[in-house]
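J.: Those protein sequences? They're chains B and Z, same order as listed. Going by my numbering, the residue at position 101 of the first sequence is 101; the numbering climbs one at a time, nothing skipped. Just so we're on the same page, my numbering is the position in the second sequence counted from 1, plus 1000.
Read the hints as simulated data drawn from the structure, not as lab findings. Do not rely on the hints blindly, as some may be mistaken.
What the hints assert, rightly or not - Label-pair ranges, simulated between beta-carbon atoms: (1) Z:ILE1258 <-> B:THR32: 44 to 50 Å; (2) Z:ALA1023 <-> B:PRO126: 51 to 57 Å; (3) B:GLN204 <-> Z:PRO1124: 51 to 57 Å; (4) B:GLY156 <-> Z:ARG1173: 23 to 29 Å; (5) Z:LEU1046 <-> B:SER152: 31 to 37 Å.
A virtual CB, placed ideally from N, CA and C, is assigned to each residue, including glycine.
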Amino acid sequence: MQVLNTPTQSTNSLQTQEPFLVIDNLTKVYPTATGDFVVLDGISLGVNEGEFVCVIGHSGCGKSTLLDMVAGFRQPTEGEVRLQTQTISEPGPDRMVVFQNYSLLPWLTAYENIYLGVNSVFPNKPEAAKKHIVMEHLAMVGLADVANKKPSALSGGMKQRVCIARALALRPKVLILDEPFGALDPITREELQEELLKIWQDHQITVLMITHDIDEALFLSDRVVMMTNGPAAKIGEVMQVPFARPRDRARMMEDPKFYELRNEALDFLYHRYAHDDT
Amino acid sequence: MTAPLDIRPARSRVNLQHLGSQAVNWLKGLIPPAVAILIFLAIWQLLTMGPDANLPTPIRTVSDTWELIINPFFNYGGTDKGLFWQVFTSLQRVALGFTLAAVVGIALGILVGTSSLMYSALDPLFQILRTVPPLAWLPISLAAFQQANPSAIFVIFITAIWPIIINTTEGVRQIPQDYNNVARVLRLSKSEYFFKILFPATVPYIFTGLRIGIGLSWLAIVAAEMLIGGVGIGFFIWDAWNSSRISDIIIAIIYVGIVGLLLDRLIVFVGGLVLPEEQKQ
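The whole structure should be built from the sequences, with the hints applied where relevant.
T.: Next comes the structure, spelled out in structure tokens:
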């Protein structure tokens, strides 16, 4: 079934071309009555195809602004974001976003919510093929039997699964997740993290994800990008996460390296860049 | 408003019991308003029992108007018609004026809501015009139409349209940013955005506007008919006053109140059919 572009995992081969997704010297300034307010100041990051990158930082540091610019919802003041060397100027289904608050249309069923996207992105596919895509992705997140339920009849975890299914059904090049599991209870959150990891491995999709949760970032990602506090937030540190894949949460938790990285990240967030008002 | 109906076939016996207790609860709910009405009637009776009372007692009112109460369908030609025909004529005017107001109001509201230029240009105008009392429109519409009936319908139209426009506009402007972001990232076509996002998101606001509009229409028609004459519940009241049939006025007021309530319930009912369960407040 996976007819997706084969991932080029090699990052250290002699490449002259730039990475898959390039965030190039990105600066975002909001003019205010009392002068310019710099949210992000010169963010540069390259993400390779098939890589899973998490961005962590305190709230208000501009993580969401960064993601909005990658998604195309906002335009950078300076610098640019490039996907496969193409400059991003507007939102599009090649960079599907999974929002924290689900953003499913409440008057459409789970099936119709996904179908709306599939129909808009693949208008020329025959009806049966579109239907198959929707059902396939609902099945992928284990929700084929609630296809005809409206979001109000679904739990938070189920809604977020539908969102992930909707995003992946459109075969995006990059999956952007904005604190997707922030509103879920801890058990559901762990379940969904594992599901997301499995989906990522099966699809070999490039993922850029914002989170507050250090454990989540370490469990999921290849690299953790830690941002300094705003205003004028920068990338403070980029941490390589070396754990072998497929990852097992219990095994990872036993690894002393996990605590080493965790402490390093905690130290970054709570000592070197402690939040002002805590 | 109401919980979604749960269909569980294997529980009919429990349901029957449940239905019985529901009926009892419903009857219990009727007791407080019935007592309130009785107390009201008693106070009315006490206040109007004296020999020089200006208004009839409730008993007198019923005996005076017994003919009107038991036979709402008589038609002796001219304006001498039963209360059903009087109300029916008024309702026809309301139906026409209100339908026009709904169609024009929803269309204008969506237009103004989707364009910030239109909004900044027209919203102040709407805010001024909506405060104009319905009857203030009557002379100018009489001047324009030269006829009583179209003028009355225009008064209904112009009274009902403002809350419909303003609520529709507000509904369009209140569409959650998340839904607009979804539309942008999926690159929905204009028509798909309209039918799948804008309209469903705005429908609850539209029904709020329609509900306010129908209430205002009914207020306006009674007043307008007093001035334009002819058949209609408004002129019936005015005519009764001129011939000192005070009991008729009281019965007509009760009719007006009940019909107004039914119109309001009708909009709520239609709204309940149209609105998805998730959007009911």
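J.: A separate judgement is required for each hint: does it hold in the structure or not?
T.: Verification of the supplied hints:
Range check, Z:ILE1258 to B:THR32: about 57 Å between beta-carbon atoms, so the 44 to 50 Å window is missed. Distance hint check: the CB atoms of Z:ALA1023 and B:PRO126 are about 53 Å apart, consistent with the given range 51 to 57 Å. Between B:GLN204 and Z:PRO1124 the beta carbons are some 56 Å apart, a value that agrees with the proposed interval 51 to 57 Å. Our hint of 23 to 29 Å for B:GLY156 and Z:ARG1173 holds, since their Cβ atoms are close to 28 Å apart.
A beta carbon spacing of about 53 Å between Z:LEU1046 and B:SER152 contradicts the range 31 to 37 Å that was offered as a hint.
Violated hints, listed in ascending order, are 1, 5; each of the other numbered hints is respected by the structure.
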